[in-house]
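Kindly produce the complete structure, drawing on both the sequences and the hints.
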Amino acid sequence: MAQYPHPYSQAAKLDSRITIPRPIYDPELVKVLDATTIPEDFDLNLMRGISEEEHQCPHGDMEDMVHTADTVLKDHKHLTHEEYSIPGPDRTTIILSVFTPKDDAKAPRPALYHMHGGGLVSGDRFTALAPIVELLDGIDCVVISVEYRLSPETPQPGPSEDCYAGLVWISDNAAKLGIEPTQIVLFGISGGGIVATAVCLMARDKKIPSIPIKGLMLYAPQLDDRCETLSDQQFEFGNPTSTKWVRACWDLVLPDIRGTEKVTAYHAPARAEDYSNLPATYIDAGECEALRDQAVQFATNMWKGGSTCELHIWPGAYHIFEMINKPELPLIQAAKAAKSSWFKRIMTTQT
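Here the UniProt record's numbering is used: the first residue of the sequence shown is 1, the next is one more, and so on.
With a cut-off of at most 30 Å between alpha-carbon atoms, the simulated DSSO-like pairs for lysine-lysine come out as follows:
no. : residue 1 : residue 2
1   : K326      : K336
2   : K102      : K77
3   : K31       : K13
4   : K244      : K336
So the derived label-pair ranges between C-beta atoms look like this:
no. : residue 1 : residue 2 : range
5   : M1        : T68       : 27 to 33 Å
6   : R226      : R345      : 31 to 37 Å
7   : G178      : E134      : 20 to 26 Å
Just so you know, these hints were derived from the structure itself, not from any lab.
Note that beta-carbon positions come from the ideal geometry of N, C-alpha and C, so glycine has one too.
See below:
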């Protein structure tokens with residue numbers, strides 16, 4: 001499958017298809033970015049790690065992106081892991097992985113409910129979980145990650161309904177899990193932002209659980225199936241997570257209805273009409289990624305609706321740039337510190 005023919009850092013100069021100005025990539029990220037070899041055309045097998053071709057993404061080799069409970073525990077020896085199989089929609093079974101500190105709790109703990117990335121077409125409950133747990137350093141909390149069904153096998157809103165069922169079960173079984181039900185924070189990264197935000201909207205609209213969600217963190221979230229923003233246009237080409245790839249994911253997630261009026265907020269959260277009474281939210285994205293303006297618009301709509309949101313757009317950064325193994329880079333340090341600070345402020349045992 002044909003690779004993108006130019007160094008990404010030079011795409012705006014060399015790719016004649018790029019006709020509008022766009023921000024430049026951060027110079028310290030360019031070396032890793034230009035070593036990236038990703039096909040121009042969408043490849044579901046590549047996303048699912050079953051492609052026979054070798055590729056290098058900006059976050060590491062594809063084989064290095066395989067994760068299990070053991071990879072999480074290896075880096076976080078203070079945790080234990082337990083699986084729960086719970087009833088899901090359509091007579092399915094949902095698996096929750098629960099990571100709990102080994103030390104005895106002085107009181108019920110806050111909980112982070114994690115929804116993995118992968119555009120809703122790839123990944124599992126352990127995908128990139130270890131670096132997320134690192135952001136919680138110094139916070140005595142439980143981390144719960146959900147195994148939701150993927151598209152195209154299960155189109156939206158199936159994945160959203162899975163994650164919502166998980167939230168309801170967590171809230172109903174808070175005492176069993178040793179968590180404080182008033183201190184549940186949702187986390188969605190990339191495609192996981194679709195389901196994490198949809199779960200917040202479902203919980204608000206249905207008023208179940210009866211206890212409101214404490215907070216929501218959206219890390220470079222995918223939110224809008226229409227893919228028509230300025231940043232969508234700027235990064236249609238010459239980006240490792242191009243608009244072409246994002247649009248292709250949505251086509252699998254919303255077969256035959258993407259971009260139409262049949263899409264609801266539970267399918268794609270940017271379709272929401274009411275942004276009031278949402279939990280305190282943190283949203284960030286890279287300046288040089290297709291999803292940038294979806295994040296900005298969602299934050300703006302939250303403010304219009306009277307909800308509160310902390311928004312960060314990282315200059316010169318591409319999609320989930322923090323996942324590269326370069327912790328010494330100042331931009332990566334700043335982005336991680338901002339998330340950790342927000343977690344420390346929101347995940348307390350105070351009601």
